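Engineer: In the order they appear, the protein sequences are chains W and E. Numbering-wise (the working numbering), the first sequence opens with residue 1 and increments by one. Numbering-wise (the working numbering), the second sequence opens with residue 1001 and increments by one.
Read the hints as simulated data drawn from the structure, not as lab findings. Here the structure is a predicted model, which is why all the values come from computation and not from measurement. Quick reminder that beta carbons are idealized off the backbone N, C-alpha and C, glycines included. Wrong hints could be hidden among the right ones.
Across the chosen pairs, the derived CB separations fall in these ranges [claimed, not checked]:
1) PRO1056/E / LEU265/W: 51 to 59 Å
2) TRP155/W / GLY1244/E: 26 to 34 Å
3) LEU262/W / THR1174/E: 54 to 62 Å
4) THR1174/E / SER143/W: 28 to 36 Å
5) ASP1325/E / PHE99/W: 53 to 61 Å
6) MET1/W / PRO1043/E: 50 to 58 Å
7) PRO1043/E / ARG88/W: 45 to 53 Å
8) ILE16/W / ALA1433/E: 33 to 41 Å
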Amino acid sequence: MWLYLVPTLAINVVIILIPALLTVALAFFQWDGISAPVFIGLGNFAALWSDGPFWTALQNNLIWTALFLTVPIGMGLLAASLLLVVPRRGSTLFQVVYFLPVIIATAITARVWQGMIYSPVTGVFGYLQKLGLPIVNPLSQTSTALFGVATVDLWHWWGFLCVIFFAALRQVPQEQIEAARIEGASFWQMMRYVLLPGIRPTIMLMMIMTVIWSFLVFDFVYILTQGGPAFSSEVLSTLAYRKAFYDLNVGQAAATALVISLFGLVATFFYIRIQSRESV
Amino acid sequence: MGYRAKIALAGAALVALGASASVTAAMAEEKKPITWWYETAAPENQEALQKLLVEPFNAAHPGESLSIDFRGAELDKQLRIAMLSGSGPDVVYTAGPSYVASMAQAGQLLPLDDYAAKLGWNDRVLPVFLELGKYNGKLYALPKTYETLGLFYNKTLFEKNGWQPPKTIAELETLADAMKAKGLVPFAAGNADWRPSNEHYVSIVLNSIAGPENVYKALNGEIPWTAEPFVKAIDTLNNWWQKGYFGPNYFSLTGEQAFAQVATGQAGMAPTGTWNFQNVPRYFPQNNAVPGFVGFPSAEGVPYPIYALGIGSTFSIANSSQNPDGAAEVIDYVFSDKFYGDMNTVWQGEWNTPLKDLSKVQIGADVLPLYGETMKNLAASVSDGQYGYTTWTFLPPATDTYLVSGMEEVWLGKITTAQFLEKLDATFKEEKAAGKVPAVPKR
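Isolated chain E, as found in the complex (with noise of 0.2 Å):
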């Protein structure tokens, strides 16, 4: 091809492109563009979302172009950078309640107080968790997702050795100690794909050994860390750690190795949360075994059971959205009874968005009808202020990575108890001075 026929063909490709481009302009004229920048989901999720929000949302609210970015591990970064310069979606997904303080207080975010009042947000979502996406008084966010701690356990085991699963520490202990006579590991647990599983048994300990009513005093700053019911929780966890309740391999056995374990009868329990649950068809049933899951015991005057309540993700408008009518109706129709059930029948455990009232949730025939009862239970419970705190959703970032390395130390002996709670009680001061601690319900 001749010098001049390339420029040609250049040229007109510009204009092609050109004519293209201002096409697309002015389809874009007719419908608002509404941005979401969502995090990795596997090929068959992305469908899901694709066919039961994007196509009935657009379907229904002619006027509007929603489209659903998926922007994978990363997602936090590029949202942080985006919104410092004013690019970012207009839907913004942050990965939890203490990146929606500091991105308030920056002034990134849009309050949402207006459109919780119109749209009926206040009435249809739990109030525990419109209180955690406060920020100065004002609504920043809502929980895409909530998720809680308990107990998995293998109902056909524990039917064999006449088991009863336990309501108090103690029974606990007991049972946990007649399962390592058995050569079985009491405690399904690893966390080689993933070292913050650490938290998981800090916050149950929290939670169900110091109890929530101290949890929350510690959260608002009026008890220390290094209080004597944490001191004791810590402890006993490390307790656990030394009579060998974790198994050999925690740190070799990735989180659903560890799972698997529960379902073919080389582990008795698993004190995890309910994000597992997308593991349980995946291994109960070829395994003949079925599953239970209860809330994890209580020591003795700590009501049982204890709910400590975890968020994954929320949702938020961004200050500089030209269209945040467009987003606020986004998140309304991911809060409706009818995207809870359609989602929940194809993708449980990663959309149990905080509904008040299941009762009128149509969840899909197919679905493991224990996951249904456990997530009816679970917002009951919080409605009855049953619940406690999970370290990951209330603690603010610093003191809670501490905390995942920190334990760790304790368990192989490295410092103590006492050395552990000393240093996130100082961690746990200085952010709390800075203003990084996520808002804490009130009891």
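This is chain W alone, in the form it adopts within the complex (with noise of 0.2 Å):
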């Protein structure tokens, strides 16, 4: 039995403990990743402490997750429950044209925004200018940068929650389904008595996910923006790049990523709870 273990469990030491476990322990050194690293305690977060993006970026993460814990969970569940009303092939059709935006690889759903829609000079918004519309690129602003980034990243994900949301929905017994609409219930007394709570683990799981994933966004902030203008779309993935890659300073890297970390493990216990509440 142990040895049936064993190839999972030295490619989770190799590829993920011991890295884990080093970036824990540089954490606490000045490195530059060249020379040898020199032990400095918790000098790297009483910078981080002192350092305003660093701020910036955990409040942006902060918004981040609000934003994802609502918006696209919201237009999952509303589309998921049409998909229910709507006849079977119809609803076949309509998840495909939701799902397909998650299979277009980031860097090009991000690109295809960024050039043909938010550019002034070669997209979408730039034809809107020409014929008069108030319309400025929303990456471009500081106030808009990072709902700009927000908006390219919930296109591309809702449809995810959405099928996801739509399998679970038609797992709920038939047998109370059919009840409720003998009982009389409206469509909305159906989602609210029914529906919701019958697919509330697949739920609670999208929202613990959605938590981690807000933690760890990169992709699309980094591509589109680069973190700007002047700090306003930093989230702390690409603050921990920049420290590492760009400023050479790997101890403060590291100790953002600890951070990134902490609320990912939060997110984690909550979840373990939870689950093991319900296999009891």
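The two chains are supplied separately, each in an independent frame; assemble them into the complex guided by the hints.
Structural biologist: Structure (structure tokens):
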């Protein structure tokens, strides 16, 4: 039985545990990635504490999490419940359409939005500007850059949730739905008292994963704005990346990564607790 | 296929593999390998390196076997890890002098002073660049290419409007206002693809407004970055931004899209680097426009023009190299007149090796004469000491990345010039104390 575990355990130790432990250790060292690391205790954390962009990045991660806990989950639930009403063949078509953005590589999605939609020269926004609409590229404004990036991620993401929720909704026992229908429940009553409670575990899981994923967000931000303008769309992962590979400050990057993991850890804790409670 | 047959087949494959490995090993014994990891290059550029460097070098050195491995955009990270474990290439191609300092400090590079004396690099290479490759008094690196900042403009547009290329900041501002009045964007500029473009403009004002003498003093720690000349420089740059010289789409345009606007006549001029010469043939001829390039205007009291020097990448030899003599010969080949001419005929802007004397260099007839002229002027100006310092080459890494975002904060009104320079100065002092500031050639 133990032999059975060896392959997965070995992979986990080599590519997860060792790098993770090294990262934890590096957070307490000053290291440029080239010469020998120097132990500085909590120095990296103290430096982050007094670093303005770190707090901006943390705040942006929290805004991002709040946004993704509500908008795409709401959109996904709404669309999934509408799919229930649509005849079978139509719902398959809609599922494909909703799911399509999920399978496009993020780099391509980001470039399409940047060049063909937001750009004032080559994009739809530029065309609308020429028609006289007072519309600007959201990525170029400090007040909207983060939301501009989030919109792209949202467009790419919500279809996934929709398909997951739809699959879960179809698992709700037919008898309960039938019974509610015979009792004369309206669509909203059906949602409120039968369907939503029926897929509660799926929604919980998606929400917890959303928290974890929101703190890991990197690709869209890095491609679309690189954290700018003026740090306005900086998130913890882009900050860590810049510290490691541009500032050659691997220690502070590791400390930033630990903060990211901390939020993931809290979410995981809640997930495991809910899981164990439900399995009892 | 039966179980035994499979095993027999696998065995045969193994034997064949072993045999071919021993054949290659035997061949390698005759020729000493030299390895070089290169960054991203377009297919036609990879071919140019193969045809103009690898093939002629190997033909001229029968005992050596040079091979170039294209490692893509992640070269810098791969190289750092490989150097740590002593398994890197013989020719070490770093992203710039700040990397050289750290690697030399860690004992990963071989001092090149003996090769420089033996192979005549001291006579062939511009002395400033030899200084730049030094760490603790020893030579560790030679720059592959150098670049400078100046002002591209549309000659056709200037002639039509009776404009002259500006030589002073006052003339520049008058001209920019005239362009704005005509509905043109004065400065073609954009950072959507490369946010560090911000530092091109900071480098320009530091050198052409505060002046290279002051930048030199600040780099050596004699005056702080908060000194008055720098305040004036950043205030001026901020003032240009607030007056709209950079146009409404700075954060939306890519560098190339912005540069194209000079050719189309939507923008008047482009304060940018010599690397944009590669975009000239792509946009100017099809718009029937003639390109011009001059040094950036200088403020009162600063000589004109000042060419801020920047280095893209550098060559060193790994301390762990089995074939350092071969690696030195490769570097020597790159620093020949013939290679300069051949390479710049097919690939401009990326192989401007810092040779002292370009008069014997032959560049192909199809290449824009403005390019050859500019490079010759530049080499002569640097020889005469009329040069400044780009931030990406001379500032230590964290100071430089702060500068990129910090300037945006000033432009967008999040912080003041004073706050920006204070943080810049604090970061710089920290890095200077840690020995991260690259070598600064004496003036």
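Engineer: Against each hint, give a clear statement of whether it holds in the structure.
Structural biologist: Here's how the hints hold up against the structure:
| no. | hint | in the structure |
| --- | --- | --- |
| 1 | PRO1056/E / LEU265/W: 51 to 59 Å | holds, 58 Å |
| 2 | TRP155/W / GLY1244/E: 26 to 34 Å | holds, 32 Å |
| 3 | LEU262/W / THR1174/E: 54 to 62 Å | holds, 56 Å |
| 4 | THR1174/E / SER143/W: 28 to 36 Å | holds, 34 Å |
| 5 | ASP1325/E / PHE99/W: 53 to 61 Å | holds, 60 Å |
| 6 | MET1/W / PRO1043/E: 50 to 58 Å | holds, 53 Å |
| 7 | PRO1043/E / ARG88/W: 45 to 53 Å | holds, 49 Å |
| 8 | ILE16/W / ALA1433/E: 33 to 41 Å | holds, 37 Å |
Checked against the numbered hints listed earlier, the structure breaks none of them; every hint is satisfied.
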